Amino acid sequence: MLLYLVRRLLYVIPIGLAVSAICFSLVFLAPGDPLSAVLPADASLELIEKLKADYGFDRPIPVQFGKWVARAVQGDLGISIATGRPVNSELARAISNTFVLAFFACSFGFTLGLVLGFIAGYWNGTWLDKVVTSLAVAGVSVPHYWLGMVLVIIFSVFFNWLPATGMGAGGSSEWAWDWEHLQFVILPAVTLSVIPTAIITRTVRALVADILSREFVTALIAKGLSDRGVFWHVVKNAAPTALAVMGIQLGYLLGGSILVETVFAWPGTGFLLSVAIFQRDLPLLQGTILFLALFFVFLNLLVDMVQTLLDPRIRRT
Amino acid sequence: MHTMKLLAGAFAAAQLLAPPLASAQSVLRIGMTAADVPATTSQPDSGFEGNRFTGITLFDGLTQWDLSSADKPSVIIPGLAESWTIDAKDNTKWIFRLRKGAKFHDGTDVNADAVVFNFDKVLKKDAPQYDAKLVAQTTPRMPTVMGARKIDDLTVEVQTSEPDSFVPINLTNLFIASPAAWAKTKNWAEFAKSPVGSGPWKFVRLVPRERLELEKNTGYWDAKRVPKTDRVVLIPMPDASTRVNALLSGQLDWIEAAPPDAVAQLKSRGFEITSNPYPHTWPWQLSHVPGHPTADIRVRQAMNLAINRDEIVKLLGGYAAPAKGAVPPGHPWWGNPKFDIKYDPDQAKKLLAEAGYGPGKPLKVKVQISQSGSGQMLPLPMNELMQQQLKQVGIEVEFDVLVWESLFNNWRIGAKDPKSNGAHAINVSFATQDPFFAFARFYDSRMVAPRSVNWGWIQDPQFDKLVADARGTFGGKERDAALGRLHAYAVEQSSFLFVVHDTGPRAISKRVTGYVQAKNWFQDLTPIVMK
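In order, the protein sequence lines correspond to chains A and B. For the record, in the first sequence the residue sitting at position 269 is 269 according to the numbering used here, with numbers rising by one throughout. Just remember that the numbering used here sits 317 ahead of the position in the second sequence, which is counted from 1.
Calculated directly from the structure, the hints in this document are not laboratory data. What you are looking at is a predicted structure, and each value in this text was computed from that prediction instead of being measured. Don't take every hint at face value.
What the hints assert, rightly or not - With a straight-line Cα cutoff of 30 Å, these simulated BS3-like cross-link-like pairs (lysine-lysine) come out:
1) Lys678(B) x Lys50(A)
2) Lys52(A) x Lys501(B)
3) Lys417(B) x Lys52(A)
4) Lys510(B) x Lys67(A)
5) Lys410(B) x Lys50(A)
6) Lys510(B) x Lys50(A)
7) Lys52(A) x Lys733(B)
8) Lys50(A) x Lys442(B)
9) Lys667(B) x Lys678(B)
10) Lys52(A) x Lys441(B)
11) Lys503(B) x Lys50(A)
12) Lys442(B) x Lys52(A)
13) Lys533(B) x Lys827(B)
14) Lys50(A) x Lys501(B)
15) Lys736(B) x Lys50(A)
16) Lys733(B) x Lys50(A)
17) Lys503(B) x Lys67(A)
18) Lys503(B) x Lys52(A)
19) Lys442(B) x Lys67(A)
20) Lys50(A) x Lys467(B)
21) Lys52(A) x Lys736(B)
22) Lys503(B) x Lys545(B)
23) Lys733(B) x Lys641(B)
24) Lys441(B) x Lys417(B)
What the hints assert, rightly or not - Among the chain A residues that face chain B by a calculated CB cut under 8 Å, a handful are:
25) Arg85
26) Asn160
27) Phe278
What the hints assert, rightly or not - Each pair of labels, with its calculated beta carbon distance range:
28) Gly75(A) x Asp777(B): 36 to 42 Å
29) Phe159(A) x Ser386(B): 38 to 44 Å
30) Ile22(A) x Arg586(B): 44 to 50 Å
31) Ala341(B) x Glu180(A): 14 to 20 Å
32) Glu180(A) x Ser385(B): 35 to 41 Å
33) Ala581(B) x Phe159(A): 19 to 25 Å
34) Glu180(A) x Gly536(B): 31 to 37 Å
35) Leu135(A) x Ala387(B): 38 to 44 Å
36) Ala387(B) x Val115(A): 55 to 61 Å
Quick reminder that beta carbons are idealized off the backbone N, C-alpha and C, glycines included.
Use the sequences and the hints to build the structure in full.
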C-alpha cells in the first residue's frame, strides 16, 4: 500500500511538468502576448520591445520556462503581471471562494443525486424511474450557464428574491456564514449542482438496478433478510463506484466553473482563470492551471485510496 | 385559492430575503466593463475606463478636463497647477505654477517635490520610484515629455524633446500620488493596496478583482467639487448581461456600456439611458502604401461617400453619431474641411470610375477587423453592413477577422509589414480628445512602426508641416486653429474611412440624480446625489 502510494505520488512530478509545459506553450502560441495585460492599446512597438526586456520575455521560451519551474517547486508561483500581486495570494483567495460554492453545490447535488438514484434504481422500470431518468437526462443536457441566466432572470430580475451576482455586499473578504451572505450562493450553487446531480442519479440508478438483479441479493431475500438489511448490502456494493463518481464531480466543482462563475461574478478559480486568459496574464494562468492539475491528480489519488479501503477486492488486484 | 396562498407566501418570503435597508450613508454602486478593478498604483490600467474610475477619482493631474457641461466640448482646465506658460526663450520648457494649499489625503502638501517625484516615477530610470508598469501606462500618452525639475516649492519646469503645445493635454494622464505614502513601502504594488492621492474621492477598501470603495474627500481643494454622495463602490463586471441583471435586480445603480439589445428592457423597468457623443471615432484606417488601391485619394473619398451612416446608427439602436471626420462639426478642431463626408453613392461611383474601377474591373480591398474589443462597439455586424454598402458602389470587401489582441499587434506593425497580410485597411477605434491620439500619431511621417501607429504609412510633407505647426503653436485658440487646419486636410485627404462616433450609453437608476454626461471619456461623479 505504501509503495503504491509513493508510486502514485511520484506520478505527480511528470504530470505537473507536462501540464505546465503545455500551458506555457499554448500561451505563446495564442495571439497577443503576455505583456498585453500591462500595455495600453496605444503602446508603440518600441515600448513593447523595451518592456519585454524589462520583464524578461525577450529570453528564449525554454529559459523562461526553466526559471518559472525553478521558482514553482519552491512554492513561489510568481507575480501577476496585470495586478503586481503574488499569484499565491490571488489563488488562495479564489480557491476559498470556489470552495464555498462547491460545498453548497455538493451538499445539494450529491444528496439529491443519491436519493433520486436510489429511488429510480429500486423502482426500476416504473413511471417513477422514467420521471427521474428524464430529469437526469435533462440535467446533463442543459447548458448550465444558460440555466444560470434563466434562474437570474426569474429569481433576481423578475422577482427580486435573490441577488444576481457577487459574494455579498462587502465582497468575498467579508464573507460570513449568515443569511445575508448565504443568499448570494443559492443561485450559483443550484446552477452548478445540476450536472453532478444528474450524473450521480444516473450512476446510482444503474448501480442499484444492477445490484438488485444479482443472485446474492435474491439469496439474501430468500434467506429472510429484512428490507433494511438488503438495502444496506446494496449501499455497500454501490458505494465504491458511486464514491469514485462523486469524487470526480467534487473535483470538477472545486476546480471552479468559468461559465457559472462568470455569469454570477463569483470570484473563484474559474473566474480567475477566465480573467487570466483574457488578460494573457501568464504567471497567473500558469499558477492557476498548475494548481488545478495537481489538485485533480491528488483528488484521483484520494478517491482511489478510499475505494481501496471500502472494497478489499481492489486492494488484492 | 391555493395558488394565491402560495403567491402570498412567496412574497412574504421575498420581504424576508430582501437586502437590508441602506445605511444612512448615500452610496453609488457602479458596474464597470473592466475585468478587474483598474490599477490603483496612481497610473491606472484598463485603458481610459481605468483613468475614469481609479485615476481622476483618487488623484489629480497638473491639468484636468472640464467635465461640467453636457453641451460644450470638454476642454483643459487647471488642476493641481493653477497656471502654465511656455518658456519664451526655449519652447521645449514649460513652467507650471502649483496651487497653494492642495493636500494629499494623508495630510501632506502637494508641492513641487511631490510633482517632480511623480514625473520621475515614469521618466527617470535611476529614481527609486521608477516602475516599468507605470511607464507602460503613462509614457505613450505624453510622448515628448522628458522630465521635470523643481524651481521653487510651487513652481515646476517640464522639459520636452521638441516644442509641443499638446503637453498640457497630455499631462491629464500623469496622476500625482503622495510621495510620503509611497515611501512607507517603496513599492507601487504595496502603495496600490492603500493609495493616497489628492483627488475628490479617498480610498476606503479594495477587494482585488471584486470591488473598490471610495469615500468623499471633504477637504478637497476645489470646494465646488466636494462629492455630494458619501461613498462610491466600483465593481468590475466584464460580462454585459451580468451587468444588466445586477442593475435590474437592484444590486447596482449605474452600469457602463449598456448593451443596445437590453435598452428597451432597461427603459421599461424605469432606468434611464444616458448618452452623449464624445471624442471617439470608429473608422477604417486606410493604407497609403504605394501600389495599394487606397493610396489613390479618389478611392479613399469614394469609400467615404459609399457609407450610409444612418443605417449603421440604426443598427446600434441609435447610440452612435454619424462621423464627418475625426471630430464632429462645431468642435474646436473641426476646421471646416472642403470635402463633405456624407452618403452619396453616385458620386462614389463616379470617383471610382475616374480611378479606373467599374463593373469590368471591381475594386477589391482587404480589411483587418476584430470580433470584439474595447471601444469597437459591434464590430462584426457593423463591418458586414459596410461590406454590403460598399458592394453597392462596386467595392468588394474581404475581411481578415482577428482577435482583438492580434488586431493591435497588426496595428503596431503597419500596412507595409509582410505580416499584415496585404491589408488595405484596419478597423481600430480610437480616442480623439488628445491631439496626439487624434492626429499626430497617424499623420506624422515619423510615426510609422515601430514608433507609433501611422499604420497607413502616410508620408506627406503637408501633413508633417501641419502636425509641426499645431505642435509649435502655443496659444490655446491659435493651437486649436492649427489643429483645425490639420483636421480639415485629413478629411479632405480621406486618410480614414470615418464611420461613427460612440455616444457612451450608460444605464442609471432613478435614484441617481445630478449626473451630467460630459462630452468626454471621463465623467465626474462628484455632483451626483443619491435619492
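Quick rundown of the hints versus the structure:
Taken as a hint, the Lys678(B) and Lys50(A) pair is broken in the structure, with Cα atoms around 46 Å apart against an allowance of 30 Å. Between Lys52(A) and Lys501(B) the alpha-carbon distance is near 29 Å, which keeps this suggested pair within the 30 Å criterion. For the proposed pair Lys417(B) and Lys52(A), the alpha carbon gap of about 41 Å is over 30 Å, so the pair is violated. The straight-line distance between the Cα atoms of Lys510(B) and Lys67(A) is roughly 28 Å, inside the 30 Å bound, and the hint therefore holds.
With a CA separation close to 27 Å, the supplied pair Lys410(B) and Lys50(A) stays within the 30 Å bound. The straight-line distance between the Cα atoms of Lys510(B) and Lys50(A) is roughly 27 Å, inside the 30 Å bound, and the hint therefore holds. At roughly 23 Å between alpha-carbon atoms, Lys52(A) and Lys733(B) fall within 30 Å of each other, so this suggested pair holds. Taking the CA atoms of Lys50(A) and Lys442(B), the gap is near 13 Å; set against the 30 Å cutoff, the hint holds.
The hinted pair formed by Lys667(B) and Lys678(B) meets the criterion: a straight-line CA distance of about 14 Å does not exceed 30 Å. A distance of roughly 19 Å separates the Cα atoms of Lys52(A) and Lys441(B); the hinted pair therefore holds under the 30 Å criterion. Taking the CA atoms of Lys503(B) and Lys50(A), the gap is about 23 Å. The hint holds against a cut of 30 Å. For the proposed pair Lys442(B) and Lys52(A), the alpha carbon gap of about 16 Å is at most 30 Å, so the pair holds.
Of the supplied pair hints, the one linking Lys533(B) and Lys827(B) holds, its CA atoms being roughly 21 Å apart against a limit of 30 Å. For the hint pairing Lys50(A) with Lys501(B), the CA-to-CA distance comes to about 29 Å; that is within 30 Å, so the pair holds. Between Lys736(B) and Lys50(A), the direct Cα distance comes to roughly 21 Å. Compliance with the 30 Å bound is thereby established for this hinted pair. About 22 Å separates the Cα atoms of Lys733(B) and Lys50(A), which keeps this hinted pair within 30 Å; it holds.
At most 30 Å may separate the alpha-carbon atoms for a hinted pair to count; Lys503(B) and Lys67(A) meet this at roughly 26 Å. Our distance criterion of 30 Å between C-alpha atoms is met by Lys503(B) and Lys52(A), whose separation comes to about 23 Å. A C-alpha spacing of about 26 Å is found between Lys442(B) and Lys67(A), which places the hinted pair at or below 30 Å, so the restraint holds. Using a Cα cut-off of 30 Å, the hinted pair Lys50(A) and Lys467(B) holds, with the two alpha carbons roughly 29 Å apart.
Between Lys52(A) and Lys736(B) the CA atoms are separated by roughly 20 Å; this keeps the pair inside 30 Å, and the hint holds. Straight-line distance between C-alpha atoms of Lys503(B) and Lys545(B) comes to about 34 Å, which puts the hinted pair past the 30 Å bound. At roughly 27 Å between alpha-carbon atoms, Lys733(B) and Lys641(B) fall within 30 Å of each other, so this suggested pair holds. Between Lys441(B) and Lys417(B) the CA atoms are separated by roughly 26 Å; this keeps the pair inside 30 Å, and the hint holds.
For Arg85(A), the interface hint holds, since its Cβ comes within 8 Å of a Cβ in chain B; the closest pair sits about 6 Å apart. The interface hint given for Asn160(A) holds, since its Cβ lies 6 Å from the closest Cβ of chain B, which is under the 8 Å cut-off. A least Cβ separation of about 6 Å between Phe278(A) and chain B falls short of the 8 Å threshold, and the interface hint therefore holds. In this structure, Gly75(A) and Asp777(B) break the distance hint of 36 to 42 Å, their C-beta atoms being roughly 58 Å apart.
Checked against the given bound of 38 to 44 Å, the beta carbons of Phe159(A) and Ser386(B), roughly 41 Å apart, stay inside it. With their beta carbons about 47 Å apart, Ile22(A) and Arg586(B) fall inside the hinted range of 44 to 50 Å. At about 18 Å, the beta-carbon gap between Ala341(B) and Glu180(A) stays in the expected band of 14 to 20 Å. Judged by the Cβ atoms, the range 35 to 41 Å given for Glu180(A) and Ser385(B) holds: they are separated by roughly 39 Å.
Checked against the given bound of 19 to 25 Å, the beta carbons of Ala581(B) and Phe159(A), roughly 21 Å apart, stay inside it. Between Glu180(A) and Gly536(B) the CB atoms are about 34 Å apart, so this pair conforms to the stated range of 31 to 37 Å. Remark: the range hint 38 to 44 Å for Leu135(A) to Ala387(B) is contradicted by a beta-carbon distance near 54 Å. As the Cβ distance of Ala387(B) to Val115(A) is approximately 60 Å, the hint placing it in 55 to 61 Å holds.
In the structure shown, a violation is registered for the earlier hints numbered 1, 3, 22, 28 and 35, in ascending order.
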